[in-house]
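Student: Residue numbers (our numbering), protein chains in the order written: chain V, 1 to 557; chain F, 558 to 771.
Hints listed in this document are in silico derivations from the structure and should not be mistaken for laboratory results.
This structure is a prediction, so every number in the text was calculated from the model and none was measured.
Ideal placement from N, C-alpha and C gives every residue a C-beta, glycine not left out.
There may be inaccurate statements among the hints.
Stated by the list, open to error - Take a look, some chain F residues computed to stay more than 12 Å from chain V by CB distance:
{"id": "1", "residue": "V603"}
{"id": "2", "residue": "F651"}
{"id": "3", "residue": "V711"}
{"id": "4", "residue": "F759"}
{"id": "5", "residue": "L766"}
Said to hold, decoys possible - Derived list of chain V stretches under chain F, where covered just means 3 residues or more per stretch with a C-beta under 8 Å from a C-beta of chain F:
{"id": "6", "segment": "187–200"}
{"id": "7", "segment": "214–228"}
{"id": "8", "segment": "243–254"}
{"id": "9", "segment": "369–382"}
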Amino acid sequence: MTDALLTGDLPLPAHPDYLRDGTSLTSWLTTTDHKRIAILYAITITIFFFMGGAAITAVRLELFMPNGGLLTSDAYNKLFSFHGIIMVWFFLVPSIPNTFGNFLLPLMIGAPDVAFPRLNLFSWYLTIAAGAFTVYALLAGGVDTGWTFYTPYSTMFSNSHVFAAAAGVFVVGFASIATGVNFIATTHMLRAPGMSWFRLPLFVWATYATSLIMVLATPVLAISLLLVMAERWLGLPIFDPAQGGDPILFQHLFWFYSHPAVYIMILPAMGVVSEIIPCFARRRIFGYDFMVYALIAIAGIGFFVWGHHMFVSGQSPYANLIFSFLSFVIAVPSAIKVFNWTASLYRGQISFEAPMLYALGFVGLFTTGGLSGLFLASIPVDVHVTDTYFVVAHFHYIMVGGAVSGFFAGLHFWWPKVTGRMYPESWARFAAILMYSGFNMTFLPQFVAGYLGMPRRYHTYPPEFQIYNVMSSSGAAVLALAYLLPLGYFAWSLFYAERAGNNPWGASGLEWTTTSPPPPKNFDRQPRVDRGPYDYHPEGESAGLNPPEVQNAREVR
Amino acid sequence: MSEATGLLREPWESFERQSEAGTLGIWAFLASEILFFGALMLTYTVCRIENADAFAAAGRATNIWYGTANTAILLTSSLTMTVVVQATASGDNFRRLILACLTVTAALGTAFLAVKGFEYKDDIEKHLVPGAQFALTEKSAQLFFGLYWTLTGVHAIHLTIGILLVLRLALLGFRRRLELDRNPEIRVTGLYWHLVDVIWIFLYALIYLPGRAS
Ligand SMILES: [Cu+2]
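Chain V on its own, in the form it takes in the complex:
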């Protein structure tokens, strides 16, 4: 025994964890550590989230009264456009992939970093530059085209800052592509020994499928926006019907990206939930192989359904028929996933910590959003509810109820790993329940209002819709509180909460075998993998009451 031990000094670990390995601002801004880049992204998207949230708060306040009065029509248009642009491209698309994907992908496959660490940092700087363009567009007077930039309004008629906003989205697209390329190469080339494709956690599969969509869909968005910019800036008449151009073509290009973009937002959330449900049910995931195939199928079929956004745009009835059919088809793999999550609970030992509450909330809200999507896939119903609040409610159930719940589920689940601290459990459960209730209070009434015919994007409406709008706006207040709460208790936990062990949840992933927070190169020794994920109990048995000893049994050489 050495003197140091006798005098009570513990030997220091070989190197500090990634958070303490260099504390200057420069060490953060020049880092190539995927975990630090994940934190940079987390801070960035949190700022964007609350910017987009502030814009929609004004919108919801305006909608309390049928005749508005708070905002001019012009300001109203600019606020909901800003909300959409920011939330889609600067929060939802980068949300889970660039934070948890960055942080967890190398950890989950047993790698020291992503394949191209400098490209990873570059992608963050691109996001910042793009955000600057878009925020400039807002400060300079805003953009009023909606997040969809439809031509010919955006090219020929709008007198707002379309160019700057489109440039921002154009640039952030390259950040997306860079991240996608990086993740694909990482998943292919950096898996630890023994980590075969069918031993990958479903979150990795989800990130991989998302990356494929990012790489293959984003360039088409880039082109559609580039053409809008060229028309506005150089007067090239690409979408001008008077010159033989085709404004509907823009919609095709735009939705060729923007429908798959829905899966960029939802697949990672599905991945998160697939990690959490087995952990808190102490069960193996039901039908792992099918979960993988479903992810890939959703990513693949997702490329062929964009026309369901154009049922009333005058496209050919045969195209409508095929797009309608394929939109029903894509519900099948989604349904497989919902059934498998539910079946994973069967014979489990379920406990309701905050991540699990969010994850179960995700399943419910995603199912509601998905089923309402089938209404919209059916042409006769779609014609009736096109451009109404029914559509708004539907996609918010998927993107906010689904993707944002998934984001918060992951945030609570991996918070101990990211920061080395636990979060306050009862506050978190309260926030989870509040978020679920606030969400439903906000968006359920919109289904009704939309079905009764209330159009979206108007700031005045007939008085008979007021009841639904008041319900919705009150729900939004609850929801806003539920989003602010975690900001408070997470900040608190950074300083005062108890320290987390390596594996506070008794979870089975590789990321839980290293310290919390992990060292800069993730693992002190190269992990070797000799079993599949979700090894919570012996095959063919129910979950036991005792925590399984997966982690202790895992061979780490």
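Dock chain F with the ligand against chain V, hints included.
Tutor: Relative to the frame of chain V, chain F with the ligand by itself:
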């Protein structure tokens, strides 16, 4: 592979895998680029189907000599780039050949841009820029030239990036700051260069040939 250890980067432990990852990464990026230009060519195709006569007339107004010269220049540059990539891959220390061919590749790329510049000057003088002064009277001829400027402009930006990448390799190589043998960066740059070249072959057919076949 001991001579390659100087090329090993974080987070890789094996140069083979690092090199393979670089190739995989650039192929994924090229797939993205193909969709980028694919969407642009799709736009062109849709517009051409809807305005066949105007596109034929406008196609005849382009300067096929510049376009053909540029096609020859760019195809030759792909030849020299291939020599570079094969020479590095052989690992037999073809330093002078590699540097010479890198220089020629960059020079040919620049020559393409120069010819393109003359062509643009010509086009501007002939009032082939969409707007009030536009020279052709056929309806939708402006649409063709809108797409012409977009397609060739975006291609020229890609080529400029390619030239800068090749020049970077050449400069670092001349100053002996870059290990040339088996360097994955060279193969990655080469693949990118070839894509820009292949795209031009499509653009040549789309821009200069309509209206000239019959
Ligand atoms: Cu869609």
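Student: Of the hints given before, which are not true for this structure?
Tutor: Numbers 1, 3, 9 - these are the hints that the structure violates, sorted from lowest upward.
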